[in-house]
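Per this note's numbering: the sequence shown = residues -12 to 184.
Just so you know, these hints were derived from the structure itself, not from any lab. Take these hints with a grain of salt, some might be off.
Stated by the list, open to error - Pair ranges (Cβ atoms, derived):
{"#": "1", "residue 1": "137", "residue 2": "164", "range": "23 to 29 Å"}
{"#": "2", "residue 1": "54", "residue 2": "124", "range": "26 to 32 Å"}
{"#": "3", "residue 1": "5", "residue 2": "150", "range": "22 to 28 Å"}
{"#": "4", "residue 1": "27", "residue 2": "146", "range": "41 to 47 Å"}
{"#": "5", "residue 1": "58", "residue 2": "136", "range": "33 to 39 Å"}
{"#": "6", "residue 1": "148", "residue 2": "101", "range": "20 to 26 Å"}
{"#": "7", "residue 1": "156", "residue 2": "10", "range": "16 to 22 Å"}
{"#": "8", "residue 1": "58", "residue 2": "118", "range": "14 to 20 Å"}
{"#": "9", "residue 1": "145", "residue 2": "14", "range": "22 to 28 Å"}
{"#": "10", "residue 1": "164", "residue 2": "109", "range": "36 to 42 Å"}
{"#": "11", "residue 1": "174", "residue 2": "136", "range": "22 to 28 Å"}
{"#": "12", "residue 1": "10", "residue 2": "148", "range": "15 to 21 Å"}
Even glycine gets a Cβ: it sits at the ideal position worked out from N, Cα and C.
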Amino acid sequence: TSWVFDKALEYDNNLQSLGLDIRLSINISAKNIAEENFFKSKLVKLEKSGVSAERIVFEMTESIMMDDIDMSLSVLKELNELGIKLSIDDFGTGHSSLSYLSQLPVHELKIDHSFVSDMLEQPHNQKIVEMTINLAHTLGLFVVAEGIEDEPTLSHLKSLNCDVAQGYHIGRPMPYNQFVDWLQDQKCIDSARSQKS
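Build the full structure now, drawing on both the sequences and the hints.
As structure tokens, this is what we get:
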């Protein structure tokens, strides 16, 4: 995780120099949560790198958070005070309750692909996605849907006011340089669309 964090800071500085303003997400594990001073050491690196804490998102799965809810709450509150954005990954696959969700100082929910990828064929999954988006927005949270494999699913998520979509229909995993080229292409496309409208 430390190596990934260091690379994320390096990439973020490069992206900013190219005028590409995005947030970078980093997955963290149960081991990271239990590691003493793990997050404080990351804040020191953030300050040295010149990268704003708000540009980094730490993602934890719902099941990791629920394994030791007291420790998770303590760590998440500490991260929140440091200004780091927090995300619950694979939401819907764990065992969190609404009472815990309302206590967790998180900024983002990522709806698991198992609900999203076949939501147009499975009405109950579509309902789960819709209710999760509504719940998250009611709590003031940002929503990411994982597992977008086609345009109809993407269009439907837009109609449900989902904030961000993620999946192979949008882009597959790619090396950094290819990703930068892809981002710059998207920037040109967005610019052209805004000029037309």
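Verification of the supplied hints:
1. 137 x 164: 23 to 29 Å: holds, 27 Å
2. 54 x 124: 26 to 32 Å: holds, 27 Å
3. 5 x 150: 22 to 28 Å: holds, 24 Å
4. 27 x 146: 41 to 47 Å: 43 Å Cβ-Cβ, so the 41 to 47 Å window holds.
5. 58 x 136: 33 to 39 Å: Distance hint for residue 58, residue 136 holds at roughly 36 Å.
6. 148 x 101: 20 to 26 Å: holds, 21 Å
7. 156 x 10: 16 to 22 Å: holds, 20 Å
8. 58 x 118: 14 to 20 Å: violated, 29 Å
9. 145 x 14: 22 to 28 Å: Hint holds: Cβ distance 26 Å, inside 22 to 28 Å.
10. 164 x 109: 36 to 42 Å: holds, 38 Å
11. 174 x 136: 22 to 28 Å: About 24 Å separates the Cβ atoms of residue 174 and residue 136, which means 22 to 28 Å holds.
12. 10 x 148: 15 to 21 Å: holds, 19 Å
Comparing the model with each earlier hint shows a violation of hint 8 alone; every other hint is respected.
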